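Chemist: Following the hints, complete the assembly by docking chain B onto the known chain A.
Order-wise, the sequence lines are chains A and B. For the working numbering, add 4 to where a residue sits in the first sequence, where the first one is 1. For the working numbering, add 4 to where a residue sits in the second sequence, where the first one is 1.
Because the hints were derived from the structure by calculation, they are not lab data. Errors might be hidden in some of the hints.
No copy labels: a pair is met if it fits in one copy or bridges any two.
To be verified - For lysine-lysine, the following BS3-like pairs were computed, each having C-alpha atoms within a straight-line distance of at most 27 Å:
no.: 1; residue 1: LYS57; residue 2: LYS25
no.: 2; residue 1: LYS336; residue 2: LYS263
no.: 3; residue 1: LYS166; residue 2: LYS369
no.: 4; residue 1: LYS56; residue 2: LYS166
no.: 5; residue 1: LYS233; residue 2: LYS341
no.: 6; residue 1: LYS124; residue 2: LYS169
no.: 7; residue 1: LYS285; residue 2: LYS331
no.: 8; residue 1: LYS194; residue 2: LYS237
Predicted model, so just to flag it, every value in this text is computed and none were measured.
2 protein chains.
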Amino acid sequence: MKIIVLKFGGTSVGTVERIKKVADIIVSYIKKKYKVIVISSAMSGVTNDLVKKSEKISKEFEPRELDTLLSTGEQAACSLLAGRLCHLGYNSRSWLGWQIPIITSGKHSSSRIVNINKKKILKYLKSGGIPIVAGFQGVNLQSEITTLGRGGSDTSAIMVAKFFKAFKCIIYTDVIGVMTTDPRVFKKAKKIKVISYEEMLEMSSLGSKVMQSSSVQESRLNRIDVEVKSSFKNNNGTLITKRKNILNNKIITGVSSTKNDAKITLIGVKDRPGIAASIFKPLSDNNINVDMVVQNISSNGNETDLTFTIKSEDASKSEKLIKKNKKINFKKIKIDKNVSKVSIIGVGMITTPGVTYRMFQALSKNKINIMVISTSEIKISVLISKKHLIKAVAALHKEFRLSN
Amino acid sequence: MKIIVLKFGGTSVGTVERIKKVADIIVSYIKKKYKVIVISSAMSGVTNDLVKKSEKISKEFEPRELDTLLSTGEQAACSLLAGRLCHLGYNSRSWLGWQIPIITSGKHSSSRIVNINKKKILKYLKSGGIPIVAGFQGVNLQSEITTLGRGGSDTSAIMVAKFFKAFKCIIYTDVIGVMTTDPRVFKKAKKIKVISYEEMLEMSSLGSKVMQSSSVQESRLNRIDVEVKSSFKNNNGTLITKRKNILNNKIITGVSSTKNDAKITLIGVKDRPGIAASIFKPLSDNNINVDMVVQNISSNGNETDLTFTIKSEDASKSEKLIKKNKKINFKKIKIDKNVSKVSIIGVGMITTPGVTYRMFQALSKNKINIMVISTSEIKISVLISKKHLIKAVAALHKEFRLSN
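Here chain A stands alone, though its shape is the one from the complex (with noise of 0.2 Å):
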């Protein structure tokens, strides 16, 4: 068997007449001969109502009757696209994480698919039916009802691809693909036709909210193909694959950037060894993420000035933890809301020498500073002032020859 999973995302199944439109993607699957596994999220809106209901109820909504709540947004779209398909003449039902089961493991709302049961969907398909998986969801041994956390629904749809041994995961989404940068911040981005596993996995982790980290990590692990594309246009879209299957050059395949960044600079920490750790353990125990860190080497070993970046929403929360923190002594603290960071992302960087100082020769050229620098093996970030952070991505964005 063939199989191919198709994943349509809220805004693909927003509407009645989206779902119509979804129905007819899928018929086109059917008519290729695929074995086709779709898996729904909750139409676009109907989530977000859902849980501003629950926030009524209660400041702390109990998370078991949460995920209850929530899997019935997937629950109605996926029955709603069964019956589109009914309608027009396959034979499709809709199949909820309890009915297949899809067993989870963890908390409420945040759990993982340890297994799926094939058995039923296998059965189903050999009869020549559509099976629309709810997404997002599954079921504890405790037989209740739980949820994957943000972007579950991408997870559902790599774990089935996973243990169905799917050739193919299509994600149908409301972008055309992957694109070289946030359009929104640069016009001239373009679409990404091919990427590997690693890239996008920077892409996803510094901001290309096209697919969560995790479902990209898990398509690696797995070996799967993943194709990002559009619902709405009938174009091809970006292949998420491995390394070795990617033919063309480009030394760097996509920029990204963040601008919700804080710089926080302590100048004058008293330096003994293990300084570092005591002004970050409490950051750490508060679910604080430190991003890039640079320390100056103290001249007279004795002072030293630490600048690190975290998200900007935890900037004030911060400042009041390294105030109070009786472990470490400095002059003074300086916080800098106004950076960007920067990235560009490519595998070709490894075998291709010269390319940081490349980015940094495009940088100075139009007179942007960098604050503090740091690299993986196919990413180099840098953090700049917030109000340079069009012009930089243009700049690499040109250098890099990304809109070719």
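Modeler: For chain B alone, coordinates are given in the frame of chain A:
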């Protein structure tokens, strides 16, 4: 365990504010040391919205998928209600049809409850939990979600009361109880404090839409005391119970009336044995229900006039069926939609002679002509001109002192 079943209808849980109020009502029973099983409907309006969506998808929406779709309404309401009770510090959770399970058989959208597994709920009650059971839904032996049809949440409540041997089932709704007559027809209608199952059955089937007849019948068969009361006002409602529990000696309990009847008269029907069957069979085959029937004795033994009533929406279809019916011969057909059926109901009439006379005299005094009469052990119905409806109800309400 002294188990009480509380059922809340759609308007009772129609808003977040209403759900909070309902949680408070539940808590008041917990404080009285009852073991409470709650049945909840969907928030009012939700089910209709879902039905509308399904109709836009397909005029003949697949029934299995419709059940999956509609059951989300109760699922959401139950989780919100359980979440509210958790917020108030109680141990509560939603229980869906498949989780208990509530096993049904029969067709989708009109399934019947054949069994309720008590094990999990009893264990949960013993642990101090407040189970919020989704009304209207169950699961069949194929693990498909099923629904119970119109008034299904009442059925769920009565069946839960039956299986768990609850000492009482309280149906919380948006009316203060069962009324002596429709308050929209006659303003001086009073709440009935206590009514027998049999009287309630006649009231239900005659158009008092407080509870579906099937739920009343199930209560009667299982001798479950049912109280219908308002969740908006803190007053006693109407107790529906065994005849022998009723000590008051009212002859008549209520006056019911209908507005959507039509009278069909066939004049000059060629009389022969089995002629009535020949007329009514095609109607019955088309799901048209014939209610009151009167056949004049044919003076010459050859021709007769036949009058009967049907729902007015079936009038034109009935006319067509009769006209194309080749097994019958008649001179003329007359259809009158300006008729109403007025009935008096009361177990007291069994032991009290002269009730029929008093009814006819009260109508006659008001110059109201009676077209057709039908009676049962505890009910007398008359067909009158629709323009006399209010006057007739008022006269009967007064004659049998229902306002006292």
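Chemist: Flag every earlier hint the structure violates by its number, smallest first.
Modeler: Violated: hints 3, 4 and 5.
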